[in-house]
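As you go down the protein sequences, you meet chains A and X in turn. For the first sequence, position 95 (counting from the first letter as 1) is numbered 95 according to UniProt numbering, and the numbering increases by one without interruption. For the second sequence, position 157 (counting from the first letter as 1) is numbered 157 according to UniProt numbering, and the numbering increases by one without interruption.
Hints may be right or wrong, so weigh each one.
As the list claims (entries may be wrong) - Label-pair restraints from in silico Cβ distances: (1) A:E297 to X:S166: 29 to 35 Å; (2) A:K236 to X:T157: 38 to 44 Å; (3) A:E118 to X:E172: 51 to 57 Å; (4) A:E257 to X:I119: 47 to 53 Å; (5) A:D189 to X:G60: 55 to 61 Å; (6) A:N177 to X:L181: 38 to 44 Å; (7) X:R229 to A:T418: 55 to 61 Å; (8) A:A238 to X:L181: 33 to 39 Å.
To be verified - Straight-line Cα separation of at most 25 Å, DSS-like style, residue types lysine-lysine; simulated pairs: (9) X:K253 to A:K263; (10) A:K200 to X:K165; (11) A:K86 to X:K59; (12) X:K253 to A:K86; (13) X:K253 to A:K79; (14) A:K276 to X:K165; (15) A:K236 to X:K125; (16) X:K83 to A:K325; (17) X:K30 to A:K94; (18) A:K146 to A:K94; (19) A:K259 to X:K165; (20) A:K235 to A:K245; (21) A:K430 to X:K59; (22) A:K422 to X:K83; (23) A:K235 to X:K83; (24) X:K83 to A:K419; (25) X:K83 to A:K430.
Unchecked claim - Per the computed footprint, the stretches of chain A lying under chain X, defined by three or more beta-carbons under 8 Å from a beta-carbon of chain X, are: (26) 89-102; (27) 255-268; (28) 279-288; (29) 402-414.
None of these hints come from the bench; they were simulated from the model. Keep in mind it's a predicted model, so treat the numbers as computed, not measured. We put the beta carbon where it would ideally sit given N, CA and C, even for glycine.
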Amino acid sequence: MKKVYLLVCVMLLTLSIFTGCSNSESASSSEGQNESGNNEIELKYWVPFSGGDGDYMKAMVQEFNKTNSDIHVEMLNLKWEEYYTKLRTAVVSKQAPDVAVAHTSYLGEIVPSDMVYELDPIAEEAGVKWESFNENILNATVFNDKHMAIPLDTHAMVMFYNKKILGDAGLLDSDGNPKIEPGAEGFIDFLKQVQKKAPKDIMPFVGTSNGNNPFWMWWALYSQMDGELLSEDGKKAAFNNDEGKEALQFISDLVHEDKLWPKNVKNGGEIFAAGKAAVNFNGVWSTGTYEKNKSLEFGVTTIPQLYDQKATWGDSHTIVLPVQKEVNDEKQKAAVTFANWLAQNGAMWSKAGHVPSKPEVIESTEFTEQPYRKDYVGVIDDVNFMPSSEKLMPIGDALRANFDLVMNGQASVDEVMTKAEKEVNQLLSK
Amino acid sequence: MEPVSIVNENKKQQKKRKANKVIGLLSNKKKLSLNLFAWLFLSPYLLFYSWFMLYPIVKGFIISLYEWSIGNERTFVGFGNYKSIFQDSFFWEALSNTVYFVVISTPTLVITGILLALIVNAKLKGTGFLRSAFFLPHILSISVISSIWVFVLQPYTGLMNAVLKSIGITTEIFWLDSENLAWLSILLATIWWTVGFNMVLFLAGLQEIPDDYYEAARIDGANSWHCFRFITLPLLKGVILLVVVLQSIASFKLFGQSYLMTNGGPGTSTRTLVQYIYETGFRSNEMGVASAMSYVLFLVMILFAIVQFKFMSKKD
Numbered sequence: 001m002k003k004v005y006l007l008v009c010v011m012l013l014t015l016s017i018f019t020g021c022s023n024s025e026s027a028s029s030s031e032g033q034n035e036s037g038n039n040e041i042e043l044k045y046w047v048p049f050s051g052g053d054g055d056y057m058k059a060m061v062q063e064f065n066k067t068n069s070d071i072h073v074e075m076l077n078l079k080w081e082e083y084y085t086k087l088r089t090a091v092v093s094k095q096a097p098d099v100a101v102a103h104t105s106y107l108g109e110i111v112p113s114d115m116v117y118e119l120d121p122i123a124e125e126a127g128v129k130w131e132s133f134n135e136n137i138l139n140a141t142v143f144n145d146k147h148m149a150i151p152l153d154t155h156a157m158v159m160f161y162n163k164k165i166l167g168d169a170g171l172l173d174s175d176g177n178p179k180i181e182p183g184a185e186g187f188i189d190f191l192k193q194v195q196k197k198a199p200k201d202i203m204p205f206v207g208t209s210n211g212n213n214p215f216w217m218w219w220a221l222y223s224q225m226d227g228e229l230l231s232e233d234g235k236k237a238a239f240n241n242d243e244g245k246e247a248l249q250f251i252s253d254l255v256h257e258d259k260l261w262p263k264n265v266k267n268g269g270e271i272f273a274a275g276k277a278a279v280n281f282n283g284v285w286s287t288g289t290y291e292k293n294k295s296l297e298f299g300v301t302t303i304p305q306l307y308d309q310k311a312t313w314g315d316s317h318t319i320v321l322p323v324q325k326e327v328n329d330e331k332q333k334a335a336v337t338f339a340n341w342l343a344q345n346g347a348m349w350s351k352a353g354h355v356p357s358k359p360e361v362i363e364s365t366e367f368t369e370q371p372y373r374k375d376y377v378g379v380i381d382d383v384n385f386m387p388s389s390e391k392l393m394p395i396g397d398a399l400r401a402n403f404d405l406v407m408n409g410q411a412s413v414d415e416v417m418t419k420a421e422k423e424v425n426q427l428l429s430k
Numbered sequence: 001m002e003p004v005s006i007v008n009e010n011k012k013q014q015k016k017r018k019a020n021k022v023i024g025l026l027s028n029k030k031k032l033s034l035n036l037f038a039w040l041f042l043s044p045y046l047l048f049y050s051w052f053m054l055y056p057i058v059k060g061f062i063i064s065l066y067e068w069s070i071g072n073e074r075t076f077v078g079f080g081n082y083k084s085i086f087q088d089s090f091f092w093e094a095l096s097n098t099v100y101f102v103v104i105s106t107p108t109l110v111i112t113g114i115l116l117a118l119i120v121n122a123k124l125k126g127t128g129f130l131r132s133a134f135f136l137p138h139i140l141s142i143s144v145i146s147s148i149w150v151f152v153l154q155p156y157t158g159l160m161n162a163v164l165k166s167i168g169i170t171t172e173i174f175w176l177d178s179e180n181l182a183w184l185s186i187l188l189a190t191i192w193w194t195v196g197f198n199m200v201l202f203l204a205g206l207q208e209i210p211d212d213y214y215e216a217a218r219i220d221g222a223n224s225w226h227c228f229r230f231i232t233l234p235l236l237k238g239v240i241l242l243v244v245v246l247q248s249i250a251s252f253k254l255f256g257q258s259y260l261m262t263n264g265g266p267g268t269s270t271r272t273l274v275q276y277i278y279e280t281g282f283r284s285n286e287m288g289v290a291s292a293m294s295y296v297l298f299l300v301m302i303l304f305a306i307v308q309f310k311f312m313s314k315k316d
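Modelling step: build the complete structure from the supplied sequences, incorporating the hints.
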């Protein structure tokens with residue numbers, strides 16, 4: 001008798017743990033009721049905005065919830081570093097959010113492995129007008145003629161300059177724009193003049209010397225020479241060529257040859273924000289940060305054309321619908337409605353510095369009356385998206401690690417390009 | 001059943017119980033029920049242990065035998081993943097970086113731990129303050145630690161170079177961008193972060209040693225060094241063994257400091273095995289290969305621990 005009693009105890013204990021897990025799941029997916037008593041559709045929404053832009057997105061979600069009584073969006077802001085790992089595992093374990101942000105550069109990884117829904121069947125019903133998006137941005141989200149994501153913005157690398165430093169050195173024209181002669185030499189000459197005329201402790205050029213900054217800059221310059229990252233079939237590296245080397249050599253010369261960009265800078269943005277540097281290549285989102293520093297007089301423009309054509313590095317935030325346990329038409333429609341609303345209200349989002357994805361938003365007064373934004377709005381057509389590849393993230397890691405060696409003077413451009421090519425081919429062969 | 005037989009049963013049981021008491025042995029049945037009680041009390045722990053430790057360990061090994069990426073099909077490859085990592089030069093680089101860090105960090109952290117413990121154990125004024133000051137960094141998270149040290153060590157605007165400048169060293173020192181200095185910086189941050197824990201363990205060990213031993217030694221004419229060498233050290237042996245083992249295991253698992261301070265750089269020269277496992281698993285999405293590497297790390301760590309135990313307990 002006692003044995004039975006004990007067994008029951010053990011089983012109850014086990015059971016309570018099991019049910020503890022499943023309860024929470026059913027609770028979170030239940031549909032709430034709004035004030036008017038109508039059934040409200042609950043959407044779980046994941047974003048990777050652990051930086052400053054999280055606040056702007058939060059404000060947008062609040063605004064959406066206020067103006068749309070039949071849909072309630074609950075936003076979860078995750079750390080950018082672990083975001084995609086979490087998203088991927090959530091999809092596989094069938095606990096994915098109903099709607100999520102994904103970078104265009106990441107679509108190449110999740111679309112081929114069927115982790116997001118195709119949007120065409122739902123889009124029309126939810127009122128999405130594809131033709132109202134900027135073509136360059138939209139095209140990067142189309143796979144096999146199918147729309148896989150709703151682009152929200154583009155964020156690109158642009159050029160910031162300190163107006164006070166350049167003005168004192170007499171390097172601004174009457175409109176307040178920097179006097180830069182065309183071509184790579186023109187840009188170098190300009191920076192050399194800054195070096196000569198500005199105070200000694202001012203850095204002519206600044207950016208964080210490792211990681212993304214050199215990588216993005218290389219991609220911008222390489223794109224200006226119409227370079228390709230991968231072969232057409234996406235199975236081989238295609239950047240170890242004269243153009244690829246020239247772009248990297250240009251960056252290397254800025255640091256080592258002409259000493260215009262001090263070596264091993266760890267906090268390029270902060271140095272520029274502190275008014276200690278004349279020119280800074282950085283992402284458009286830095287506008288929001290620099291604006292907050294009232295004593296900083298800065299201007300912003302697209303990256304100068306140093307080679308054959310205008311181009312820069314950039315990426316987009318897009319909205320995707322991760323694959324669920326079971327298809328729920330109502331939720332999908334609500335999710336697309338929400339995504340479309342976000343794109344339509346891109347002017348709110350542009351406060352974070354990003355360029356909206358819809359031309360009509362860019363033309364709206366709500367956008368144009370914000371300072372700085374219109375100075376770099378042209379990047380929307382200059383952005384050269386990286387090719388979609390399932391291995392784009394590790395490829396980026398390999399290139400960053402190798403370019404760092406050039407940046408701190410441990411290896412030559414030739415050595416590094418050969419090494420990077422080998423590593424990327426190895427990644428792609430797996 | 002008839003009432004009589006029940007009474008008989010009870011009587012029989014009573015007799016049996018008495019007999020057991022007399023012999024001092026328990027019946028099988030009773031043993032079983034006692035065992036069951038033990039299992040009942042153990043079950044919550046066992047459940048979590050098997051769920052969160054045993055199961056993942058076994059599962060990890062199974063994954064290491066597959067070509068396994070999240071969201072895609074899996075194919076069984078046997079020991080193919082192990083074969084491929086042994087041919088991967090980055091794996092060997094990462095492993096040797098890890099071993100290098102274990103070699104430089106373990107003695108440093110053990111010795112500084114003992115020294116700090118001796119300082120705070122000395123009956124001086126302000127040791128209470130020192131005790132908490134030395135231990136405090138340990139409660140901070142790795143991201144905070146790394147941010148602080150990057151802030152201190154970064155060139156042009158960092159605290160360290162500013163201090164050096166004020167004492168006349170004007171060249172910019174790139175603490176995080178040359179291989180040796182980068183290791184030094186990581187080591188420095190690690191010491192600052194974790195030495196407090198070792199100190200507490202040593203402090204507990206020191207306080208176990210009775211004062212009379214020192215008194216007796218003093219009467220016999222021993223100086224401080226003698227006391228330390230012939231009383232403190234031998235009596236701390238158990239704690240030292242423990243700390244060395246714990247420390248080398250912790251050093252093998254180095255990830256956060258190097259990942260956040262140098263991102264494995266310059267190049268890949270401070271990339272540790274755990275970082276490489278992370279990159280392979282979660283950036284390249286090759287779970288099978290990453291699991292295989294984890295198993296190699298696991299084996300290396302076990303080997304290290306066994307050698308340490310053998311080596312250190314032999315001297316007794």
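Against the structure, the hints:
Between A:E297 and X:S166 the CB atoms are about 30 Å apart, so this pair conforms to the stated range of 29 to 35 Å. For A:K236 and X:T157, the Cβ-Cβ distance of about 42 Å falls inside the hinted range of 38 to 44 Å, so the restraint holds. Separated by about 53 Å at the C-beta atoms, A:E118 and X:E172 satisfy the suggested range of 51 to 57 Å. Separated by about 51 Å at the C-beta atoms, A:E257 and X:I119 satisfy the suggested range of 47 to 53 Å.
At roughly 58 Å, the beta carbons of A:D189 and X:G60 sit within the given window of 55 to 61 Å. At roughly 41 Å, the beta carbons of A:N177 and X:L181 sit within the given window of 38 to 44 Å. Our hint of 55 to 61 Å for X:R229 and A:T418 holds, since their Cβ atoms are close to 56 Å apart. Taken as a hint, the range 33 to 39 Å holds for the pair A:A238 and X:L181, whose Cβ atoms sit roughly 36 Å apart.
Pair hint X:K253 plus A:K263 does not hold up; C-alpha atoms about 31 Å apart against a cutoff of 25 Å. Proximity of A:K200 to X:K165 is assessed by CA-CA distance (about 17 Å); at most 25 Å being required, the pair is judged to hold. Between A:K86 and X:K59 the alpha-carbon distance is near 20 Å, which keeps this suggested pair within the 25 Å criterion. A hinted pair counts as satisfied when its Cα atoms are at most 25 Å apart, and X:K253 with A:K86 qualifies at roughly 22 Å.
Distance restraint check for X:K253 and A:K79: the Cα-Cα separation of roughly 22 Å lies within the 25 Å cut-off, and the hinted pair is therefore satisfied. Distance check on the hinted pair: A:K276 and X:K165 sit about 18 Å apart at the alpha-carbon level, within 25 Å; holds. A hinted pair counts as satisfied when its Cα atoms are at most 25 Å apart, and A:K236 with X:K125 does not qualify at roughly 68 Å. Between X:K83 and A:K325 the CA atoms are separated by roughly 37 Å; this puts the pair beyond 25 Å, and the hint is violated.
The straight-line distance between the Cα atoms of X:K30 and A:K94 is roughly 47 Å, outside the 25 Å bound, and the hint therefore fails. Distance check on the hinted pair: A:K146 and A:K94 sit about 23 Å apart at the alpha-carbon level, within 25 Å; holds. In summary, the hint linking A:K259 to X:K165 is supported, as the alpha carbons are separated by about 21 Å, within the 25 Å threshold. Proposed proximity of A:K235 and A:K245 is supported: the alpha carbons are some 21 Å apart, at most 25 Å.
Proximity of A:K430 to X:K59 is assessed by CA-CA distance (about 23 Å); at most 25 Å being required, the pair is judged to hold. Between A:K422 and X:K83, the direct Cα distance comes to roughly 20 Å. Compliance with the 25 Å bound is thereby established for this hinted pair. As the CA atoms of A:K235 and X:K83 are separated by approximately 23 Å, the hinted pair is consistent with the 25 Å bound. Under the criterion of a C-alpha separation no larger than 25 Å, the hint pairing X:K83 with A:K419 is consistent with the structure, at around 23 Å.
In summary, the hint linking X:K83 to A:K430 is supported, as the alpha carbons are separated by about 14 Å, within the 25 Å threshold. For the region 89-102 of chain A, the assignment as covered by chain X holds, since 3 residues bring a beta-carbon within under 8 Å of that chain's beta-carbons and 3 suffice. Counting residues of the region 255-268 of chain A whose C-beta lies closer than 8 Å to any C-beta of chain X gives 6; at least three are required, and the coverage claim holds. Only residues whose C-beta sits within less than 8 Å of a C-beta in chain X count toward coverage, and the region 279-288 of chain A has 0 of them, not enough to reach three; the restraint is violated.
Given a C-beta distance limit of less than 8 Å, the hint that chain X covers the region 402-414 of chain A holds, as 6 residues qualify and 3 suffice.
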